[in-house]
Structures are given as structure tokens and as C-alpha cells.
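Q: Here is how the chains run, residue by residue.
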Amino acid sequence: MSANSISYKKPLLETPFHEKTREKCYAHDWYRWAGYKAVNQYTSAELEYTSMRNTAGVIDISPMHKYSVKGKDAKKFINKLITRDITNIQPHQVVYGIWCNEDGFVIDDGTVFCFDENNYRICSGERNLNWFEDTAIGYDVKIEDVSHSIAALAFQGPLSCKILHMLNANNIEKLKPFYFDQFTINDQKITISRTGFSGDLGYELWCDPSQAHDVWDALFSFNKDYKILAAGLNALDMVRVEAGFIVVNADLIAAEHALRPNRMRTPFELGLAWMVNLDKEYFNGKKALIKQKNRGVEKKLVGLDVQGDKPAVGSVLYSKSKKEIGIVTAAMWSPSLKSNIAIGYVDKENMKLGTKILAEIYHPEELEYRKIWANCKVVKKQFFINERRNAVPAFI
Amino acid sequence: MSKFDAVIIGGGHNGLVCASYLSKKGYKTVVLEKNEKLGGLANYGSSLNGMSSKVLQELQIDLPQLTNKSYVVALDDEQQHTIIHNDGSKTSFHATNASIENQKKFIALIDKYKLYSSTLSTLMHDTPPRLKSGNSSDTWKLITMGWKVRKLGKKNMREFLRVLGLNIADELEDNLDDKNLMGLIAHEAVLGSNLGPRSPGSVLTLLYKQAIQGGLFSSEKYDFHQLIPSLEKNCLEQGVEIKNNTSVKKIITAHNKATGVLLESGDTIEGSIIISNADPKTTYFKLLGTEPLDTDFIRRAKNFRAKGNVAKFTITLDEKPIIKNIDKDMMNARFVYAPSINYIEKAFNASKYNKYEKNLCFEFQHCENTIVANVNYVPYVQNTSYDKEQLTQQCIDLLQPFIANLNITKAEFSSPNDMADKYNVSGGQWNHGEFEIDQMLMMRPFYGSAQYSTPIENLYLCGAGTHPNGSITGINGRNAAKKIIGDKK
Chain H
1 MSANSISYKK
11 PLLETPFHEK
21 TREKCYAHDW
31 YRWAGYKAVN
41 QYTSAELEYT
51 SMRNTAGVID
61 ISPMHKYSVK
71 GKDAKKFINK
81 LITRDITNIQ
91 PHQVVYGIWC
101 NEDGFVIDDG
111 TVFCFDENNY
121 RICSGERNLN
131 WFEDTAIGYD
141 VKIEDVSHSI
151 AALAFQGPLS
161 CKILHMLNAN
171 NIEKLKPFYF
181 DQFTINDQKI
191 TISRTGFSGD
201 LGYELWCDPS
211 QAHDVWDALF
221 SFNKDYKILA
231 AGLNALDMVR
241 VEAGFIVVNA
251 DLIAAEHALR
261 PNRMRTPFEL
271 GLAWMVNLDK
281 EYFNGKKALI
291 KQKNRGVEKK
301 LVGLDVQGDK
311 PAVGSVLYSK
321 SKKEIGIVTA
331 AMWSPSLKSN
341 IAIGYVDKEN
351 MKLGTKILAE
361 IYHPEELEYR
371 KIWANCKVVK
381 KQFFINERRN
391 AVPAFI
Chain W
1 MSKFDAVIIG
11 GGHNGLVCAS
21 YLSKKGYKTV
31 VLEKNEKLGG
41 LANYGSSLNG
51 MSSKVLQELQ
61 IDLPQLTNKS
71 YVVALDDEQQ
81 HTIIHNDGSK
91 TSFHATNASI
101 ENQKKFIALI
111 DKYKLYSSTL
121 STLMHDTPPR
131 LKSGNSSDTW
141 KLITMGWKVR
151 KLGKKNMREF
161 LRVLGLNIAD
171 ELEDNLDDKN
181 LMGLIAHEAV
191 LGSNLGPRSP
201 GSVLTLLYKQ
211 AIQGGLFSSE
221 KYDFHQLIPS
231 LEKNCLEQGV
241 EIKNNTSVKK
251 IITAHNKATG
261 VLLESGDTIE
271 GSIIISNADP
281 KTTYFKLLGT
291 EPLDTDFIRR
301 AKNFRAKGNV
311 AKFTITLDEK
321 PIIKNIDKDM
331 MNARFVYAPS
341 INYIEKAFNA
351 SKYNKYEKNL
361 CFEFQHCENT
371 IVANVNYVPY
381 VQNTSYDKEQ
391 LTQQCIDLLQ
401 PFIANLNITK
411 AEFSSPNDMA
421 DKYNVSGGQW
431 NHGEFEIDQM
441 LMMRPFYGSA
451 QYSTPIENLY
461 LCGAGTHPNG
471 SITGINGRNA
481 AKKIIGDKK
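Protein sequences, first through last, are from chains H and W. According to my numbering, the first sequence holds residues 1 to 396 in order. According to my numbering, the second sequence holds residues 1 to 489 in order.
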């Protein structure tokens, strides 16, 4: 880590898996993630995507921000921070949460890991230390940024459990979704949680940076038969759209980043009403969210089943009467579903499931574009649903 | 356990005024004061006295008016003091060694400020309007405010808007060239705020102070020592219950509503409305606790600037003080020592770094054998205590050249830290919060807490941290009471 900490000498930091990922990254296609060098694609995004849907894909998620939250009031603090109620959270449980500002606008989302009553970890996409510390004023809690001291891999796909099982991770198949525990693989004691971003069976592996290489090698040790692949951001983005997961600063602008006041979004507008517990005595944004619940939303993020096979990337959405009603935030041709899918905002007249709308697609074709008026149907965001995801014991 | 309609935390002048108004409207009211003596910081504020005559009139308090002429003396190192006289409407020189030209310019400047401050005073007795509320009365208030500015006339309006954001040093250097006179006005502009003469916005501070107090050099209209006892008497007549030596530990809330207070003694007092006369930071962080508050709100509360800079120095002599070169009949004057802009700025500069200069500014008045001085700048410094002995000696050395018979029998120095401890006021700030353009009017104390209300239902503020600000006017208490009565209709 010492070379890494001198950031002016090495403008982009290298994750604990860097030697391994570099080896596999034929495309040399890197991007910047929280100051780290991370892989966009190793060879081809489609191939990596296919591994995640058919065998398993390994994604280096070490740059993710991780905050340790410890102290007598840790649970109280998190309950104030996020919109869900974690009063009944158990040790070894993981809760997906979002947090809002006073106007009920989403700042970020993340996962809360409960180690015990007074010890938690929050993993998030954006930097949140300042927000957490200001939220913690008046609480007996210590918040620490532990991002750099934990190496993490996402291991997603139908064979993920099987491979961990073959690596002698004891009883890994019995681990329930949104739970985590300690396992030993390749002589390394690590933490594995049954969480992930693919909408399929999958795990996230958390270990000390010193264990990183051993863990990585272990996952690939059966590759003669199973052909798992290292996957980059592009492939991850494909699976997450299929699963209907939102990404902060892609599907919504984080409240702390937005420059224009009407660009921020509330959980209700994101279709995350199930994550807001208005019965809780207090949490950030409660008042504003109660107001919005009573008033109803003006726009909503929905799934779209798009006609044809040309992805509606960045498309403007129109009602049947060609009135502008919203915009697409993510779109792709889904190889698994064999359909053209998208996620986007529509106004309140058009957010009911089954509503027919239009997308104006500008499809580039060798320096010219073809304009397509594609019929779309409003559907649920979860396009890819597989019972493997929640099955216990898991598929081995 | 006892139950009241209104529980007021803190028996300062605003708490008492608020209690009296509410009680008049039939609210069963109790005032809880931490200390033995009522009045809080008002006991310190003899020179900030600008008790609103409107409040006194509405509460039917007959405070004896001081008939004797009021003087302000700008002390001079060579003992050639400038004496300014104010007869309520006109300011004139009684004695000075400034040139005739400078005297004229000085009077013209004062008149100009008087005009501008009357423009600012439009909203003093009102709850400041909310922006974008869509409420017609708010819009009307904003229009009134704009109209008042427009009514100055084209030339004056332009000048008014020009000087509003300036620093007082630039403004004075443009208009005068007498060090002593410049020092005097600059001192008025910065005393009690955390500004130096060269800090932007110090002209506005001066105008605003003038608007509140009703004049720059019209000191004490009322006998200050009678103020708190009369307010107390008035409260008792209205049926207000006053509990001294009763310290509040927590404001009790349930479901975002204030329901009562928990005392240090362990008792609880229930109240339909809780009104805090404490400063905003103390109210939110100590009395209420951050739990029911949004993070954005906590950030604003945290960033509310409230650094005290003025120390109080009280000395008792063995006889009435004699000021060198000053006639006996002018001894009721307010004496100011701020010999030049740079002298003040230098003292301020040290305070920025939480230190104090050897050469400080001060102003004092005396009552019988006792001299009470405000010493500027002695900054509030967290977790540090001052070397009192050294500071006491330093203050004596500062006073020495001007007082002929400085035979001290008792000396007491209280730093902003001491005031913070004694009166539970954040940063030992006189005004409960610095007094600057972004912490004024509808932005006082800060967004989400202005207009006397708080994010917690039934919890109100009535202290100096609210509009129209510090100084001893009683308007905060009055406006808060009006707001509460209006809300509960």
C-alpha cells in the first residue's frame, strides 16, 4: 500500500488484484473508479457478460467505498441515515439501503453489513464520509473509511456456489441471500456475502489485501472445466440493467452532486417505495417523503420493453400523442432475454405498467444515423428473474 | 409534574418579554432560568441598550426615561478627547480637536447612515418574510422592503446599495481623514460582531445596529438597571410563573413534536409550546439533541457562526472615577477607546488566530464607583482558559492613562469563555450568533430555523439568535410571541 498512498507518483491507484487483472486485461481498457484503475473490459464485454450468465464472472470491486461504523449508537445512527428500518437486523445480515437528504432526495445507496450490535460496515458507490460524520453528530459512534484496507471481489453466476463449494467453503450453499459469514478457501480465511449486482446467484468476497492473490487464483483453479472469466464494468453494467438495479450518477444524479435543483430524485420516483419505512420514528428526509407520498410523484423510473433490436441509448421518450415525457437512462439489447430493454423516466400519466409509449432512437450506422420511432411498453424494471438467486440451499 | 401552555427556557429579557405577551393572551406560562438572577446576558449589555419603546408601550411597562443629555467620548492618547453629543435627533460636537471640515463631514456621514438605517428598520418589528412561500403577506412585506429602498430616491438608493456590502474602513477613508473619528465609527461597526474594520459587510452591521438601537450615538434612553426588574414585575403581574435556579437538561419530543422539558433536577415540566431563549446552537445541540434533526439542518446549525470576541471587565474603585480632561457633568457618557482603524484591525487580526493583542479596544461606562468595560477583541477559544491575572493587568494598563484615581478595590475579568459557561451561550457571543449579512433577516439564524420556528412542531426560538438580532431590544421576544399566537389561532 505504501506506493499506492503516494498518489502524486501514481495518479491512479492499483487495487490489491491489479497484477492479476492486468495479466488478463488484453484490451487494456481501464477506467477510473474512486481513484483506482479498474477494468472496463478484459477482452469483450459480451463474452464476460456470457460468463456471468452461464458459468461465473469475477469482478474486482475493491475500489468501492467502505465505511466502518462502530459504537454504542451505531444501529441508531444507521437507522437515522437510511430510509429502511434495521432495528431487527441480525449479526451476519446484510441490508441494502438508500439515504436521502432533508428534501427526501437520494444521496446514495449501499449495503449495510452487521457484524454485531455495535459494529457495522457500509459499502457505497460514492464518497460519503462527510455525510456520515455530519449525520453522526450527537451519536456515540466512530466512522472510519476502510476502503483501502479491504480487497473485494464480486463472484457472480450460476456456478459461483459450485466453485466455492469445490474450494471447500464449508456449507456455502446454506448461506441465505443477504447474509454473510467467514469461510476458508485456499487456506485463506475470508468473508463471503451472498450479495451482488447480477440478479442471479452470486457472492461477494471480502478479504485482506495480502490475501488477494491467493483468493483470485483459487477462484480460477477449476478453469480447465468451468471457464469462469474476469469481467469488467461494461459486462457488469449489462447484468445490472437486466436485473433492474439502479446506479447512482447514471440513473439518478446524487443529491450532493446535482447542480440543478430539479435533477434530484426521491426513492418514490426511483420506484424504491418498498425501501422507505415511514413508520420509523425518525430518519433523514422523512418529513419531505411523507409529503411526497401524499402528493404522489410527478415522474418515475420504470422498465421499458422496446420494439426492435436497436438499443434506445439516451433516447427521449414520448407519449402516444408525441408529447415529451421523459428520457432513457440505460438501455441494451439483452442477450439472455432476447429482447430490447431500457430503464427510463416517464411522467405520471404514463407510469402505469402496460402503458404504451414511444422512444425516439437515433441509431448510428457508419457515420449516419437512422431515426427510429420505437413502440415501448412500460414494465417492471426487473427484466431478468431467476429463482437461483434466492434459492436455499444454493445451486451446486 | 406540572403542565403549562408555554414553557420558556431562559429568563433573559427576550424570554421575559415573550412570556409577558403570551400570558396576556391567556397562555399559562412559565419561565425557567438557570441562574439565580434573571436577565442573562442583558446584565452585560448596558451599552447595547436599545429597548424597543414599542415593546414597552405594548406591555405597559413604565421604564423611567433618562432625561440627562447623552454623550459619547472618544478617548484620545493626548487627552484631547472628542465629545459627541446627541439630543435624540441631532448629533453635534461638544469638544474635539478635529478640523471644522472633518466635523462637517462626520455629521454628514452620520446623517447619511441615519437615513439608510431608517430604511433597514422597516422590518424590525415584523417576522421576516419567507421567500417563495407564495403567501401574500410575505410578498407584501418584501414589496414594502423594496419600496422603502426605492423611496430613498435614485441617488441615495444607488449609494445605499453601494455601501451595503462595503467594509467600514474603506467607507470611512473615502469620507474622513481624522483617525480618532474614524476609529470611533469603526468601533461601533465591529463591536460584538466577529468583524474587523476591513471585513466586508461591516457597513451593514453598523447600519443594522443603528436601526435596532434607534441611533448611532444615542446611548441609553432608559435606565438600564431598571429594565430586568420591570420586566420581571410585568411578568408576575400577568401571572407568569418564574422559576429561578432551574436548569433545563433536555427538550422532550415525541413524533417530531415538543411536549415538555426535562430539568437537571430530574423533574419534567409539560408544555404545549416550548420556547427557547437559548441561542440556536445550544438549543439544537444541547437541549434538543440531533436525533430528530435532518443532517442538512445539523450542518447549517453547525456552520452558524457564533464566535464571541468581547470580554467584560468590571472594576470597583474606592471612589467615583475621575476621567482626565472631562467635566464632571459629562461623567455619565460612554467612553470609547479605539484610536484608529488600524489599531482596531490589528486587535482583530490577532483574534482571527485565537490570540489577543496587547493593545485592545474598549468602551466603558460607570455607575457610582464601578466601571464596566467591554474589551474588544478577546476571542472565544474552545477548551482553553485565559490567564486572567495577566488580562486583568493588561486592561488596567489600558485604562490607566485616562483615569486619574485608579485605586482599584476589586477587579473582575470575564472572557467570552466565562460568558459561554455562565449563560450557556455558544461561543460567548453577545448576539447569540454573529451579526452578518448571511445571518440576518429571513436567514437568521439559518434556513430551516428562521421566522422563530424550528423543524420541531411546537418548539420556537425567541432569543437573540433570531431576527432582528442581538442588542437589548426585546423585539425578538415580542415577534416570537406574535408568531406563536398567530400559528396557534
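Hints listed in this document are in silico derivations from the structure and should not be mistaken for laboratory results. Keep in mind the model is a prediction, meaning the values are calculated, not measured. Built from N, CA and C at the ideal position, the CB exists for glycine as well. Certain hints may be false.
Each pair of labels, with its calculated beta carbon distance range [unchecked claim]:
(1) W:K489 / H:N262: 44 to 54 Å
(2) W:N245 / H:P177: 44 to 54 Å
(3) H:N249 / W:S53: 43 to 53 Å
(4) W:K243 / H:I290: 33 to 43 Å
(5) H:E256 / W:L164: 47 to 57 Å
(6) H:R295 / W:K388: 52 to 62 Å
(7) H:I290 / W:N332: 52 to 62 Å
(8) H:P177 / W:L262: 24 to 34 Å
(9) W:K422 / H:D140: 26 to 36 Å
(10) W:E270 / H:V146: 40 to 50 Å
(11) H:N262 / W:Q65: 54 to 64 Å
(12) W:K489 / H:P177: 50 to 60 Å
Q: Evaluate each hint against the coordinates.
A: Each hint, compared with the structure:
no. : hint                        : verdict
1   : W:K489 / H:N262: 44 to 54 Å : 35 Å, violated
2   : W:N245 / H:P177: 44 to 54 Å : 59 Å, violated
3   : H:N249 / W:S53: 43 to 53 Å  : 58 Å, violated
4   : W:K243 / H:I290: 33 to 43 Å : 37 Å, holds
5   : H:E256 / W:L164: 47 to 57 Å : 32 Å, violated
6   : H:R295 / W:K388: 52 to 62 Å : 59 Å, holds
7   : H:I290 / W:N332: 52 to 62 Å : 59 Å, holds
8   : H:P177 / W:L262: 24 to 34 Å : 44 Å, violated
9   : W:K422 / H:D140: 26 to 36 Å : 28 Å, holds
10  : W:E270 / H:V146: 40 to 50 Å : 45 Å, holds
11  : H:N262 / W:Q65: 54 to 64 Å  : 56 Å, holds
12  : W:K489 / H:P177: 50 to 60 Å : 54 Å, holds
Hints 1, 2, 3, 5 and 8, counting from the list given before, are not met by this structure.
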